[in-house]
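Student: From just these sequences and the hints, can you work out the full model?
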Amino acid sequence: MDGFDKLGEASLPPKSKFFSKLNNEDISDMDYKRAQNVWNTFNMQTMRDYRDLYLKTDVLLLADMMENFRGVCKANYGLDPM
Numbered sequence: 000m001d002g003f004d005k006l007g008e009a010s011l012p013p014k015s016k017f018f019s020k021l022n023n024e025d026i027s028d029m030d031y032k033r034a035q036n037v038w039n040t041f042n043m044q045t046m047r048d049y050r051d052l053y054l055k056t057d058v059l060l061l062a063d064m065m066e067n068f069r070g071v072c073k074a075n076y077g078l079d080p081m
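Numbering (numbering that gives the first Met the number 0), first residue to last: 0 to 81.
Warning: the hint list may mix true and false statements.
Unchecked claim - Here are the computed lysine-lysine pairs in the DSS-like style, where the Cα-Cα straight-line distance is at most 27 Å: (1) 5 with 32; (2) 32 with 20; (3) 5 with 20; (4) 16 with 32; (5) 14 with 55; (6) 5 with 55; (7) 16 with 55; (8) 14 with 32; (9) 55 with 20.
What the hints assert, rightly or not - Just the calculated beta-carbon pair ranges, DEER-fashion: (10) 72 with 4: 39 to 47 Å; (11) 59 with 16: 24 to 32 Å; (12) 37 with 15: 13 to 21 Å; (13) 20 with 78: 33 to 41 Å; (14) 57 with 5: 36 to 44 Å; (15) 54 with 32: 17 to 25 Å; (16) 63 with 12: 25 to 33 Å; (17) 14 with 48: 15 to 23 Å; (18) 56 with 20: 21 to 29 Å; (19) 24 with 66: 31 to 39 Å.
Keep in mind that the hints were calculated from the coordinates and are not lab data. Glycine included, each C-beta is placed from N, C-alpha and C at the ideal position.
Tutor: This is how it looks when you write it as C-alpha cells:
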C-alpha cells in the first residue's frame, strides 16, 4: 500500500503487485492464496476492510501474548510487569 486511495479498491490486487522491499522478493504463491482465502472467507469489500482485519488480528495477537507474559511473570517471579 503506497497511498490512501488504494484502500477503496474493491478487490485484492493481482499477485504481480505484491513485492517486499524488505526481503527484495515477490509474494509466494502460498501467501497470495492465503490472502485470497482471507478476502473470500471474511467477505472483504475493499482493501480498507482487509487492512482493518489485519490490524485487529495483529493487535489481538499481541494483547494475548502480553497477557500470557504477564501471567508467567506473576506465577514465576511474583512480579506484574504492567
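Student: Indicate, hint by hint, whether the structure satisfies it.
Tutor: For each hint, the structure was consulted:
no. : hint                   : in the structure
1   : 5 with 32              : 20 Å, holds
2   : 32 with 20             : 20 Å, holds
3   : 5 with 20              : 18 Å, holds
4   : 16 with 32             : 14 Å, holds
5   : 14 with 55             : 24 Å, holds
6   : 5 with 55              : 19 Å, holds
7   : 16 with 55             : 24 Å, holds
8   : 14 with 32             : 9 Å, holds
9   : 55 with 20             : 24 Å, holds
10  : 72 with 4: 39 to 47 Å  : 44 Å, holds
11  : 59 with 16: 24 to 32 Å : 27 Å, holds
12  : 37 with 15: 13 to 21 Å : 19 Å, holds
13  : 20 with 78: 33 to 41 Å : 40 Å, holds
14  : 57 with 5: 36 to 44 Å  : 19 Å, violated
15  : 54 with 32: 17 to 25 Å : 22 Å, holds
16  : 63 with 12: 25 to 33 Å : 30 Å, holds
17  : 14 with 48: 15 to 23 Å : 19 Å, holds
18  : 56 with 20: 21 to 29 Å : 23 Å, holds
19  : 24 with 66: 31 to 39 Å : 34 Å, holds
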